[in-house]
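There are 4 protein chains.
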Amino acid sequence: MKALVYHGAGHKAWEDVEQPVIRDDTDAIVRVDATTICGTDLHILKGDVPAVTDGRILGHEAVGTVESIGTGVKRVKVGDKVLVSCVTACGSCRFCREGRFGQCLGGGGWILGNTIDGTQAEYVRVPFADNSTYPAPAGVADEELLMLADILPTGYEIGVLNGRIQPGDVVAVVGSGPIGLAAIIGAQLYSPSHIVAVDQADARLEAAKTFGADVVVNNSREDALAAVMALTDGLGADVAIEAVGVPATFELATQLIRPGGHVANIGVHGQPATLHLEDLWSRDVTITTGLVDTSSTPTLIKLVRSHQLDAARFVTHHFTLDQMDEAYDVFARAADTGALKVVITRLEP
Amino acid sequence: MKALVYHGAGHKAWEDVEQPVIRDDTDAIVRVDATTICGTDLHILKGDVPAVTDGRILGHEAVGTVESIGTGVKRVKVGDKVLVSCVTACGSCRFCREGRFGQCLGGGGWILGNTIDGTQAEYVRVPFADNSTYPAPAGVADEELLMLADILPTGYEIGVLNGRIQPGDVVAVVGSGPIGLAAIIGAQLYSPSHIVAVDQADARLEAAKTFGADVVVNNSREDALAAVMALTDGLGADVAIEAVGVPATFELATQLIRPGGHVANIGVHGQPATLHLEDLWSRDVTITTGLVDTSSTPTLIKLVRSHQLDAARFVTHHFTLDQMDEAYDVFARAADTGALKVVITRLEP
Amino acid sequence: MKALVYHGAGHKAWEDVEQPVIRDDTDAIVRVDATTICGTDLHILKGDVPAVTDGRILGHEAVGTVESIGTGVKRVKVGDKVLVSCVTACGSCRFCREGRFGQCLGGGGWILGNTIDGTQAEYVRVPFADNSTYPAPAGVADEELLMLADILPTGYEIGVLNGRIQPGDVVAVVGSGPIGLAAIIGAQLYSPSHIVAVDQADARLEAAKTFGADVVVNNSREDALAAVMALTDGLGADVAIEAVGVPATFELATQLIRPGGHVANIGVHGQPATLHLEDLWSRDVTITTGLVDTSSTPTLIKLVRSHQLDAARFVTHHFTLDQMDEAYDVFARAADTGALKVVITRLEP
Amino acid sequence: MKALVYHGAGHKAWEDVEQPVIRDDTDAIVRVDATTICGTDLHILKGDVPAVTDGRILGHEAVGTVESIGTGVKRVKVGDKVLVSCVTACGSCRFCREGRFGQCLGGGGWILGNTIDGTQAEYVRVPFADNSTYPAPAGVADEELLMLADILPTGYEIGVLNGRIQPGDVVAVVGSGPIGLAAIIGAQLYSPSHIVAVDQADARLEAAKTFGADVVVNNSREDALAAVMALTDGLGADVAIEAVGVPATFELATQLIRPGGHVANIGVHGQPATLHLEDLWSRDVTITTGLVDTSSTPTLIKLVRSHQLDAARFVTHHFTLDQMDEAYDVFARAADTGALKVVITRLEP
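If you're matching them up, the sequences are chains A, B, C and D in order.
Once you know that position 241 of the first sequence is 241 in my numbering, the rest is easy, because the numbers rise by one and skip nothing.
Once you know that position 264 of the second sequence is 264 in my numbering, the rest is easy, because the numbers rise by one and skip nothing.
Once you know that position 317 of the third sequence is 317 in my numbering, the rest is easy, because the numbers rise by one and skip nothing.
Once you know that position 27 of the fourth sequence is 27 in my numbering, the rest is easy, because the numbers rise by one and skip nothing.
These are calculated hints, taken from the structure and not from any lab test.
Hints are not guaranteed to be accurate.
To be verified - Straight line, CA to CA, 30 Å or less: simulated BS3-like cross-link-like pairs of lysine-lysine:
{"no.": "1", "chain 1": "D", "residue 1": "K209", "chain 2": "A", "residue 2": "K74"}
{"no.": "2", "chain 1": "B", "residue 1": "K74", "chain 2": "C", "residue 2": "K77"}
{"no.": "3", "chain 1": "C", "residue 1": "K302", "chain 2": "A", "residue 2": "K302"}
{"no.": "4", "chain 1": "D", "residue 1": "K302", "chain 2": "A", "residue 2": "K77"}
{"no.": "5", "chain 1": "B", "residue 1": "K77", "chain 2": "C", "residue 2": "K46"}
{"no.": "6", "chain 1": "B", "residue 1": "K74", "chain 2": "C", "residue 2": "K81"}
{"no.": "7", "chain 1": "A", "residue 1": "K77", "chain 2": "D", "residue 2": "K77"}
{"no.": "8", "chain 1": "C", "residue 1": "K77", "chain 2": "B", "residue 2": "K77"}
{"no.": "9", "chain 1": "B", "residue 1": "K302", "chain 2": "D", "residue 2": "K209"}
{"no.": "10", "chain 1": "A", "residue 1": "K302", "chain 2": "C", "residue 2": "K12"}
{"no.": "11", "chain 1": "A", "residue 1": "K12", "chain 2": "A", "residue 2": "K74"}
{"no.": "12", "chain 1": "D", "residue 1": "K74", "chain 2": "B", "residue 2": "K302"}
{"no.": "13", "chain 1": "A", "residue 1": "K209", "chain 2": "D", "residue 2": "K209"}
{"no.": "14", "chain 1": "B", "residue 1": "K74", "chain 2": "C", "residue 2": "K12"}
{"no.": "15", "chain 1": "C", "residue 1": "K46", "chain 2": "A", "residue 2": "K209"}
{"no.": "16", "chain 1": "D", "residue 1": "K12", "chain 2": "B", "residue 2": "K209"}
{"no.": "17", "chain 1": "A", "residue 1": "K81", "chain 2": "D", "residue 2": "K74"}
{"no.": "18", "chain 1": "A", "residue 1": "K77", "chain 2": "D", "residue 2": "K209"}
{"no.": "19", "chain 1": "C", "residue 1": "K74", "chain 2": "C", "residue 2": "K46"}
{"no.": "20", "chain 1": "C", "residue 1": "K74", "chain 2": "B", "residue 2": "K81"}
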């Protein structure tokens, strides 16, 4: 089969590889009907994720059809259309028992396209298939479902739930790339009174408005702190979500927050930030970090089905698997192409 | 009357001042029967707290007897023996309505010995007396009750409750000065399986043992991370409490924590710390800061009465008010004197 | 002045009474600009609330203008336009410190139109004015604000918050009178996937649809349990809200609930219900009751201002104070008149 | 092998049966080293649990040694000493993903000695062995560990955690049989200020004292409500735990509770109770029911290891498997024999 293979920093190829086979009795082999590219894949290609080694098939998001299953698979059947989640769960370890699947100690967690071969391929082996896939519900298109593989649960769990957004809150989202937009769309499920999007690119702020931000601040030329204080009688935001992954945006998030507020970090950071404890020690702030657990996936599927979450809104470009290189190119040049999420589907039939 | 007056960095005097009078109808004038000195008072004397200006009477902890009350005081009566809390609460602002009295927007918060005259005096004016004092319960000695003015609620609310200690947890407390000991004694109310005390002074670690730590680590010569990992199958502490207030101890606390754990900062910081988001972003950690609300005071009073909290254990030295200078000297030289809390009582009768 | 006075079961009169005066220093006298009638007022008139005695002015909801204040009132000024909440809070007792104002031990709680004279009058004395009124925000009409005096916080706190509605939930609301509609409108702030309204009157179910229920069941002829099970794969509703106050509807709510679900009782009950513990003991259910605290009032005001809560939707009829008897008549005959909330305003100018 | 077999209401026999074999790949066969009898077993013998049919081996608690495992078992190995929990968990269904194992939809829940053969036998087949057993920790005796199979997690999860006991609380426990004692011992992990035990048998109240109750009330001759009110300034208990399972004790628990308090029902009920909503509707009470999930088992194991939970205290009598009938007799006549938990061990060697 063909797959997108990583060959060290800066190198990848859409090339022939062996088709995957069942290794453990809880595995499923899934034919990939649709996959996508994550910002993390770009980080890997830069060489920023040392766990990913030469020869690894990338990708951790897919919707597909079950081709075969191991003898221990009980809930998934051959022929099922399923969502392949970015997080794999053994279902038995201490963290899986707590619903903290992203921290799985039993061989799961984020492994697809990282420590084992991933979903940017014609077929993928999915370990612990009973706990790591979700049946596709009737009436939900593949590309909508695909948005539940990573970006929507990440924005919802690590941004919205960790941030403990409540009705009436003023929520500041720092960064309006895809993950910031996922936080914005997820935040609305809790009816905040205002969502303030902060970014340095006007195009992304325009996107933020269409996703639901009612106040936008271009902090390359405007004062985000002043904007938030003006909305909150000088107290600060109830919740500030960091959705970039660099020190400056994290530090901004900690400035925007009111006494008693929550700073929810979603960004993937490569270096330390400064925590201004000389200001924050007495301000009753809560700061959270997190890797998605996808524990919210069943909830989000219900919300897509009931049309309360418009998952398709993220999809800006469509490709087929043989256009993988072009898909990467368009996604990597998002500033020019306006790409949010690209959907890459298998060739018909 | 006599009072301990601040006269700029490095200068204080036990001198004659005007006796306080009722200014607002919710004030009470309280005769100080017992007061104490807080580490924060030493910070003020160094000039580290600019809000405190020349002429201010210091002190924010007292047990006393009500001498007079304003016309709006309803719950406190002349002659009542009361605990004067370090935090004053207007009772009506947004934060007081939420029980977040430390962030009071209506003129309260930590004001005694800070922005208004304090308790290291023969008499003190207590604003919002109905919300800022607690009736002394029968059977509790003044010096026990005095420990509930600041140190015990601070350790309990900002360390134990913010850290969300649960039965069976492994709790690491970084710093075994008085506030670290308050966290240790408070932590036991939730039955952790282990309390690991970390400090660089053997004498303080000895105190930590008597207060309830079952593992002690002198991190001037021992490896605190290794000690915690050995107790937790390599996962890290469920809760790490920072009780010093310098960058190195905060950073240590963030290293000791397990995925999904809580870091509760109690320390008063004068400079920023480094937050290693490159390690922490994916580890599901929660970091909290806070100023005590004293919302737990009624609970802690119940626990002192039922002998589940041994408040008197903190008291190492006794003085009378006219020995204020000596009391400060003993408390400031805690490393030599072994002082934890000094109790300073009025002259008889 | 004129007021609506209760004269024993079945008797009331719009008659001349003494104008109220300041009694305690924390009182305010408020000129009533708009008031309304609650289902509880009808219960009182039937003689069901023995605490209400002959001569009492009824009513516990108002928007008005402050005429005078006691010497201890700090946050409210003469001339302020304010919301008079149905719950009065001393601000200092154990329950007020916890935000549980409805259980105030210091002389507050639900007292207006109950144990002291109420708001269906030209003027009303409001005790603890600082804690029992809210400044009218710019851009919110009196009649919108009036809906925040009781019905909206009751539906939100006792139905939605006690029921712990989460995004994606299936919520069953038993009873579609005004309080059930308040629960329906409040539930949407948490984005449930379905709201099932259950009632025996088609007209009320039509109202439920316009308020946001997407499934309606007339349980005089349809099977509510079957309808809920069909929506939930046979598990039951995540949250069931009782909004009637009779045994049959409470018992239905406990049947509709899934394992692990929440039953939130809002209804005012006059007799006991049967709790089927032989079925429920093993089903992990949580059942809550409650009197509104109005702790959510500031949040709800923000949501009205940001147009996320359409408070005006409840208002079906308008009267002036001199039409009080007609207003009562229309409200009491809601089945015929379609009345939800009637707004009664003072005579111009 | 020999096993205790149910033969319809009133009939049981310790008789020869087929030794169990692996049926599903996630099964383990466990040699029973120690088992015990639960009050529920007595209910079954009376014919009260229709799901249990003629021929069923009873018992749902054991400590044993793994004899063989299915091909899909990953965490348990032959020769391991394990705790066999009363609750079996598939690990993949909606409720197992939430940690609500008692409600497992995938074939687990309480099945041992109920819908499949149980532990009162020389060997037992344990489905979903990875999720339904726990490795025996070093230094914990079999009979201590055996107390974690059912009684201790039931008292802790359904009584203490559902009741949300907090430090300083006054906790009333209605019923001082084994499950009430488990609630009393578990409650102390949260440092309540008082534990009030209520029962009609002086012998059980004596046991309650040794387990940690500081106030005991024999409500055959004393007034439990008066006793609780005297301790709580007339407000009522913060938490009331029902540990009997009859209407009168449940109704008493709902009377003892303060406004805002929690009633946690542990009792297994065979008939409905009366819920006095005419009193309770406005009192902000929370009532919970539940079947144990054994999600707390790892925590409780840590607490037994750290000597904070004295599990052995429940063990009053010892038998060997061939004395099963005698063990049942002693346990069934607990009022005479003083039996709390009987431990039944296999014959040596």
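Verification of the hints:
Restraint check for D/K209 and A/K74: the C-alpha separation of about 49 Å exceeds 30 Å, so the hint is violated. Taking the CA atoms of B/K74 and C/K77, the gap is about 22 Å. The hint holds against a cut of 30 Å. Of the pairs offered as hints, the one joining C/K302 and A/K302 holds, with about 28 Å between alpha carbons and a cut-off of 30 Å not exceeded. Annotation: proposed proximity of D/K302 to A/K77 is violated, straight-line Cα distance about 39 Å (limit 30 Å).
At roughly 43 Å between alpha-carbon atoms, B/K77 and C/K46 are farther apart than 30 Å, so this suggested pair is violated. About 27 Å separates the Cα atoms of B/K74 and C/K81, which keeps this hinted pair within 30 Å; it holds. As the CA atoms of A/K77 and D/K77 are separated by approximately 28 Å, the hinted pair is consistent with the 30 Å bound. Our distance criterion of 30 Å between C-alpha atoms is met by C/K77 and B/K77, whose separation comes to about 28 Å.
In summary, the hint linking B/K302 to D/K209 is supported, as the alpha carbons are separated by about 20 Å, within the 30 Å threshold. Straight-line distance between C-alpha atoms of A/K302 and C/K12 comes to about 51 Å, which puts the hinted pair past the 30 Å bound. About 36 Å separates the Cα atoms of A/K12 and A/K74, which puts this hinted pair outside 30 Å; it is violated. Note on D/K74 and B/K302: the hinted pairing is violated, with a Cα-Cα distance of about 49 Å set against a maximum of 30 Å.
Taken as a hint, the A/K209 and D/K209 pair is broken in the structure, with Cα atoms around 64 Å apart against an allowance of 30 Å. Taken as a hint, the B/K74 and C/K12 pair is broken in the structure, with Cα atoms around 36 Å apart against an allowance of 30 Å. Among the hinted pairs, C/K46 with A/K209 is inconsistent with the structure: their alpha-carbon atoms are about 53 Å apart, more than 30 Å. Between the alpha carbons of D/K12 and B/K209 the distance comes to roughly 55 Å, so the proposed pair goes past 30 Å and is violated.
Pair hint A/K81 plus D/K74 holds up; C-alpha atoms about 27 Å apart against a cutoff of 30 Å. With a CA separation close to 56 Å, the supplied pair A/K77 and D/K209 exceeds the 30 Å bound. With a C-alpha separation of about 39 Å, the suggested pairing of C/K74 with C/K46 is violated against the 30 Å cut-off. Our distance criterion of 30 Å between C-alpha atoms is met by C/K74 and B/K81, whose separation comes to about 27 Å.
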